[in-house]
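Enquirer: Listed below, chain by chain, are the residues.
There are 2 protein chains.
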Amino acid sequence: MNIPQTSFPRVVIIGGGFAGLAAARALENQELQVVLIDKHNYHTFQPLLYQVATGGLEPDSIAFPLRKRFNDIENFYFRLAKVTNINAERNIVETTIGNLEYDELIIATGSTTNFFGNTNIQKYAMEMKSVPQALNIRSLVLENFEDALLVTDLEERLALMNFVIVGGGPTGVELAGALAEMKKAILPKDYPDLDIRQMKINLIQSSGELLKGMSEASSRKSEEFLRKLGVDIWKDLRVVDYDGETVRTDGEDHFKAQTVIWAAGVKGDAVKGLNQGCVIERANRFKVDEYNKVVGYDNIYAIGDVACMQTKDYERGHPMMAQPAIQQGRLLGKNILAKLKGKKLKPFKYKDKGAMATIGRNKAVVDLPKWKFQGVFAWFVWMFVHLFSLIGFRNKVIVFMNWVYNYIRFDRETRLIIRPYKKKNKYSFKEQENGNY
Amino acid sequence: MNIPQTSFPRVVIIGGGFAGLAAARALENQELQVVLIDKHNYHTFQPLLYQVATGGLEPDSIAFPLRKRFNDIENFYFRLAKVTNINAERNIVETTIGNLEYDELIIATGSTTNFFGNTNIQKYAMEMKSVPQALNIRSLVLENFEDALLVTDLEERLALMNFVIVGGGPTGVELAGALAEMKKAILPKDYPDLDIRQMKINLIQSSGELLKGMSEASSRKSEEFLRKLGVDIWKDLRVVDYDGETVRTDGEDHFKAQTVIWAAGVKGDAVKGLNQGCVIERANRFKVDEYNKVVGYDNIYAIGDVACMQTKDYERGHPMMAQPAIQQGRLLGKNILAKLKGKKLKPFKYKDKGAMATIGRNKAVVDLPKWKFQGVFAWFVWMFVHLFSLIGFRNKVIVFMNWVYNYIRFDRETRLIIRPYKKKNKYSFKEQENGNY
Numbered sequence: 007m008n009i010p011q012t013s014f015p016r017v018v019i020i021g022g023g024f025a026g027l028a029a030a031r032a033l034e035n036q037e038l039q040v041v042l043i044d045k046h047n048y049h050t051f052q053p054l055l056y057q058v059a060t061g062g063l064e065p066d067s068i069a070f071p072l073r074k075r076f077n078d079i080e081n082f083y084f085r086l087a088k089v090t091n092i093n094a095e096r097n098i099v100e101t102t103i104g105n106l107e108y109d110e111l112i113i114a115t116g117s118t119t120n121f122f123g124n125t126n127i128q129k130y131a132m133e134m135k136s137v138p139q140a141l142n143i144r145s146l147v148l149e150n151f152e153d154a155l156l157v158t159d160l161e162e163r164l165a166l167m168n169f170v171i172v173g174g175g176p177t178g179v180e181l182a183g184a185l186a187e188m189k190k191a192i193l194p195k196d197y198p199d200l201d202i203r204q205m206k207i208n209l210i211q212s213s214g215e216l217l218k219g220m221s222e223a224s225s226r227k228s229e230e231f232l233r234k235l236g237v238d239i240w241k242d243l244r245v246v247d248y249d250g251e252t253v254r255t256d257g258e259d260h261f262k263a264q265t266v267i268w269a270a271g272v273k274g275d276a277v278k279g280l281n282q283g284c285v286i287e288r289a290n291r292f293k294v295d296e297y298n299k300v301v302g303y304d305n306i307y308a309i310g311d312v313a314c315m316q317t318k319d320y321e322r323g324h325p326m327m328a329q330p331a332i333q334q335g336r337l338l339g340k341n342i343l344a345k346l347k348g349k350k351l352k353p354f355k356y357k358d359k360g361a362m363a364t365i366g367r368n369k370a371v372v373d374l375p376k377w378k379f380q381g382v383f384a385w386f387v388w389m390f391v392h393l394f395s396l397i398g399f400r401n402k403v404i405v406f407m408n409w410v411y412n413y414i415r416f417d418r419e420t421r422l423i424i425r426p427y428k429k430k431n432k433y434s435f436k437e438q439e440n441g442n443y
Numbered sequence: 007m008n009i010p011q012t013s014f015p016r017v018v019i020i021g022g023g024f025a026g027l028a029a030a031r032a033l034e035n036q037e038l039q040v041v042l043i044d045k046h047n048y049h050t051f052q053p054l055l056y057q058v059a060t061g062g063l064e065p066d067s068i069a070f071p072l073r074k075r076f077n078d079i080e081n082f083y084f085r086l087a088k089v090t091n092i093n094a095e096r097n098i099v100e101t102t103i104g105n106l107e108y109d110e111l112i113i114a115t116g117s118t119t120n121f122f123g124n125t126n127i128q129k130y131a132m133e134m135k136s137v138p139q140a141l142n143i144r145s146l147v148l149e150n151f152e153d154a155l156l157v158t159d160l161e162e163r164l165a166l167m168n169f170v171i172v173g174g175g176p177t178g179v180e181l182a183g184a185l186a187e188m189k190k191a192i193l194p195k196d197y198p199d200l201d202i203r204q205m206k207i208n209l210i211q212s213s214g215e216l217l218k219g220m221s222e223a224s225s226r227k228s229e230e231f232l233r234k235l236g237v238d239i240w241k242d243l244r245v246v247d248y249d250g251e252t253v254r255t256d257g258e259d260h261f262k263a264q265t266v267i268w269a270a271g272v273k274g275d276a277v278k279g280l281n282q283g284c285v286i287e288r289a290n291r292f293k294v295d296e297y298n299k300v301v302g303y304d305n306i307y308a309i310g311d312v313a314c315m316q317t318k319d320y321e322r323g324h325p326m327m328a329q330p331a332i333q334q335g336r337l338l339g340k341n342i343l344a345k346l347k348g349k350k351l352k353p354f355k356y357k358d359k360g361a362m363a364t365i366g367r368n369k370a371v372v373d374l375p376k377w378k379f380q381g382v383f384a385w386f387v388w389m390f391v392h393l394f395s396l397i398g399f400r401n402k403v404i405v406f407m408n409w410v411y412n413y414i415r416f417d418r419e420t421r422l423i424i425r426p427y428k429k430k431n432k433y434s435f436k437e438q439e440n441g442n443y
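So the sequences go chain by chain: A and B.
Sequential numbering of the first sequence, starting at 7, is according to the working numbering.
Sequential numbering of the second sequence, starting at 7, is according to the working numbering.
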């Protein structure tokens with residue numbers, strides 16, 4: 007992998023998400039060598055992926071080049087690669103570009119979509135954990151509208167204009183809201199020859215409430231907001247299959263839909279090679295102690311979504327979102343420095359800063375530890391927090407300009423099919439020679 | 007194609023580039039039906055593609071959704087499709103989504119890269135006529151740097167850091183300049199473990215001067231600017247082959263390079279079906295009369311790059327750039343209205359507004375009809391003209407903000423490999439499972 011061997015200990019970090027970046031930041035300019043490995047050359051600001059998927063933001067404004075983040079850092083190395091295995095006995099990370107020895111290893115590989123083993127759904131439904139996936143959704147939504155213009159059979163047209171979002175967590179709620187706003191303000195103008203009332207947005211939640219981890223007020227209010235925007239909410243309904251045409255549920259309602267977005271679960275993206283005993287099977291996350299050390303290992307740590315620290319307050323681990331990842335990364339960095347200096351380590355204690363979700367224009371819900379509020383002010387808070395958290399000054403400016411523009415003009419201008427999504431069903435009218443586009 | 011038959015005559019326009027848009031604009035809200043067909047759902051502002059390819063601009067800021075352009079226009083229809091054939095006898099356009107009858111047909115399909123029949127070069131070299139192609143270049147340039155880090159053989163590393171741009175027209179010159187600025191300000195910081203002096207940018211021009219269509223002063227000055235930026239300029243040298251490893255020329259110099267960008271020629275993208283007699287074979291453009299009517303047809307017109315109007319001043323047709331396209335489109339729209347009202351048509355007369363090219367920061371060359379100038383002021387004029395010509399207020403703002411940021415910070419932040427380019431040679435270290443990204 008062509009990384010020089012120095013007298014400094016080498017810390018290898020796998021993954022440049024919130025957790026990995028926070029850890030790397032804490033290890034900057036110390037007497038050690040840091041190697042960050044990621045399969046992308048950029049950090050993805052996942053909370054805004056849904057706006058890329060619905061044409062509100064350009065993908066480049068929520069991605070930040072990882073190399074730039076560490077431009078002036080000594081003894082820092084970035085490598086674009088996929089980790090294939092960990093050989094803990096020999097302290098080696100195996101990747102698509104070769105092997106690398108480590109002294110300390112930080113696994114921050116995040117999470118992937120959890121289809122709970124349903125290969126049909128995995129094949130036909132869309133997921134949204136990365137920028138290219140969000141762009142695929144953007145393309146598919148627009149392609150389905152283009153196709154809806156062409157079919158003469160009513161049932162077929164309805165299926166092309168029927169959107170099913172599975173999962174009533176923040177991703178599902180935000181996506182449903184954004185689609186509903188497209189239906190209201192943009193699609194009737196873009197497709198005057200379609201009857202946009204025929205477009206349906208279905209949000210299916212297996213339990214009895216939306217935004218399950220949030221307060222009851224937020225859950226109720228988000229439902230009210232979504233209903234006002236015209237979203238059909240289905241609660242206590244579980245999707246069991248999708249064959250590319252019909253979404254089957256465990257209830258009486260089934261849905262003929264050409265766009266199904268699966269936001270019903272995530273699981274850790276645990277790398278291979280460690281003892282099976284330290285992986286929690288269903289969640290695919292690494293069991294870690296209060297110092298984020300993977301159980302059974304002395305110099306391997308896991309942080310963020312891929313780590314599961316079972317505590318009294320969080321019996322099934324911390325929520326898989328940005329805050330625990332950032333806090334764990336930051337502390338682990340400090341603890342590794344302490345360990346190397348022979349100092350005492352500090353156990354992790356999660357500081358819950360709250361949660362929030364946006365439903366649409368002037369509509370958001372915010373749960374702070376001591377204060378819960380919904381509506382216009384919550385929406386401004388949501389925007390401020392997200393702008394502030396985005397990495398990079400340019401990204402902040404571009405996102406802000408887009409939001410101002412979208413707000414004033416009731417618009418979302420990046421509704422572009424730049425790389426057509428290759429449909430897997432009969433509705434693909436167009437020959438899709440990617441090479442030519 | 008599901009477009010209603012009305013009592014109004016139907017004008018079909020193929021292509022939403024500069025020419026097609028100008029024609030559609032001129033035909034707005036008249037007593038006719040206009041159908042615009044394009045294989046993309048957006049207009050591409052081609053003059054700035056090179057900035058997308060070099061990480062200076064996000065692709066979404068130079069693309070504009072075609073449907074939005076015509077949101078409030080009566081009797082206007084857009085269809086996303088590729089035209090496969092024209093049946094002039096039956097007045098029918100055949101497309102990937104079905105057939106459509108026309109009363110008047112406007113062909114504005116623009117141009118494609120001309121490899122002059124060299125299939126090797128076509129296979130291994132990059133082209134830059136569309137947004138996805140520009141993104142492919144962006145990915146490849148960055149991937150080659152990532153790979154250069156990994157190889158230990160010096161010759162291999164030099165090949166990965168060797169850039170060959172074939173063609174010294176505006177595209178080649180602007181691309182070479184932008185790459186040279188990346189070499190200067192960005193790559194040394196992003197790749198501190200590479201010796202960036204090993205990076206070479208070669209601009210190969212078959213004739214004795216750059217920017218051939220422009221003034222002698224612009225040609226000379228652009229060469230001076232490029233040399234100052236460290237670009238190696240090769241004149242009177244013709245590239246004859248490229249096998250993915252070595253660029254062969256008709257001279258004594260050959261180039262081992264992993265990135266070859268072919269900007270040495272374009273040809274019309276003439277649609278099939280019309281008499282061979284009306285197509286100029288080498289240029290693949292339609293012969294048109296002074297009213298842009300394709301010779302031999304009464305209701306078929308060609309405008310822009312795909313049209314070749316041979317006049318005394320322009321024996322081989324007008325230059326294949328935005329201005330003739332816009333002027334022809336605008337006039338043709340008016341002439342079609344005149345024809346339908348039985349009025350007299352106006353012959354086309356090209357009003358040459360000049361040409362310009364930018365080489366880099368504070369460095370551009372501008373030829374106005376009565377005034378030629380180069381340097382800082384030319385650079386501001388270039389920026390102003392391009393900002394002004396961009397379609398869409400949001401795009402103007404985003405491009406402007408990016409330029410300000412890039413100028414102040416000496417930066418280009420969209421250096422993201424969002425969709426890896428699938429290399430066709432041995433240097434692809436990474437397994438590229440697109441689905442996973």
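Mixed in with the good hints, there may be bad ones.
Any copy will do: because identical chains look the same in the list, a pair fits if it lies in one copy or spans two.
[Stated by the list, open to error] Listed below are the simulated DSBU-like cross-link pairs for lysine-lysine, each with C-alpha atoms no more than 35 angstroms apart in a straight line:
hint, residue 1, residue 2
1, 428, 359
2, 241, 340
3, 428, 88
4, 429, 135
5, 74, 402
6, 355, 88
7, 357, 190
8, 278, 195
9, 352, 74
10, 293, 241
11, 273, 234
12, 74, 262
13, 88, 206
14, 273, 350
15, 278, 189
16, 74, 376
17, 129, 352
18, 355, 273
19, 129, 428
20, 378, 273
21, 278, 429
22, 189, 88
23, 88, 429
24, 402, 195
I should point out that these hints are in silico values taken from the structure, not numbers from a laboratory.
Enquirer: If the cut is 35 angstroms between Cα atoms, do residue 88 and residue 429 qualify within a copy, between copies, both or neither?
Expert: This pair counts as both: shortest intra-copy Cα distance 27 angstroms, inter-copy 17 angstroms.
Enquirer: With 35 angstroms as the alpha-carbon cut-off, assign the pair residue 278 and residue 189 to within, between, both or neither.
Expert: Answer is neither: 43 angstroms inside a copy and 38 angstroms across each miss the 35 angstroms cutoff.
Enquirer: Is it within a copy, between copies, both, or neither that the alpha carbon of residue 273 lies no farther than 35 angstroms from that of residue 234?
Expert: Result: close within a single copy only, 32 angstroms intra versus 53 angstroms inter.
Enquirer: How do residue 429 and residue 135 come out at 35 angstroms by Cα distance, when the copy is not named: within, between, both, or neither?
Expert: The answer is both: 19 angstroms in one copy and 25 angstroms across copies each meet 35 angstroms.
Enquirer: How do residue 273 and residue 350 come out at 35 angstroms by Cα distance, when the copy is not named: within, between, both, or neither?
Expert: Cα proximity of residue 273 and residue 350: one copy only (32 angstroms, versus 70 angstroms across).
Enquirer: Check residue 189 against residue 88 for me: Cα-Cα at most 35 angstroms, and say if that holds within a copy, between copies, both or neither.
Expert: between (39 angstroms within a copy, 27 angstroms between copies)
Enquirer: Measure nothing new, just compare the shortest in-copy and cross-copy C-alpha distances for residue 88 and residue 206 to 35 angstroms and report within, between, both or neither.
Expert: between (39 angstroms within a copy, 29 angstroms between copies)
Enquirer: Reference check for the pair residue 428 and residue 359, CA-CA at most 35 angstroms: within, between, both, or neither?
Expert: Answer is neither: 41 angstroms inside a copy and 43 angstroms across each miss the 35 angstroms cutoff.
Enquirer: How would you classify residue 129 and residue 352 at a CA-CA limit of 35 angstroms: within, between, both, or neither?
Expert: Close neither inside one copy (44 angstroms) nor across copies (57 angstroms); limit 35 angstroms.
Enquirer: Treating 35 angstroms as the Cα threshold, decide for residue 74 and residue 262: within, between, both or neither.
Expert: between (46 angstroms within a copy, 29 angstroms between copies)
Enquirer: Have a look at residue 378 and residue 273 and pick one of within, between, both or neither, based on CA distance no larger than 35 angstroms.
Expert: Answer is within; shortest intra-copy Cα gap is 28 angstroms, inter-copy 62 angstroms.
Enquirer: Using 35 angstroms as the alpha-carbon threshold, which applies to residue 74 and residue 402: within, between, both, or neither?
Expert: both (16 angstroms within a copy, 26 angstroms between copies)
Of the numbered hints listed earlier, those contradicted by the structure are 1, 2, 7, 15, 16 and 17.
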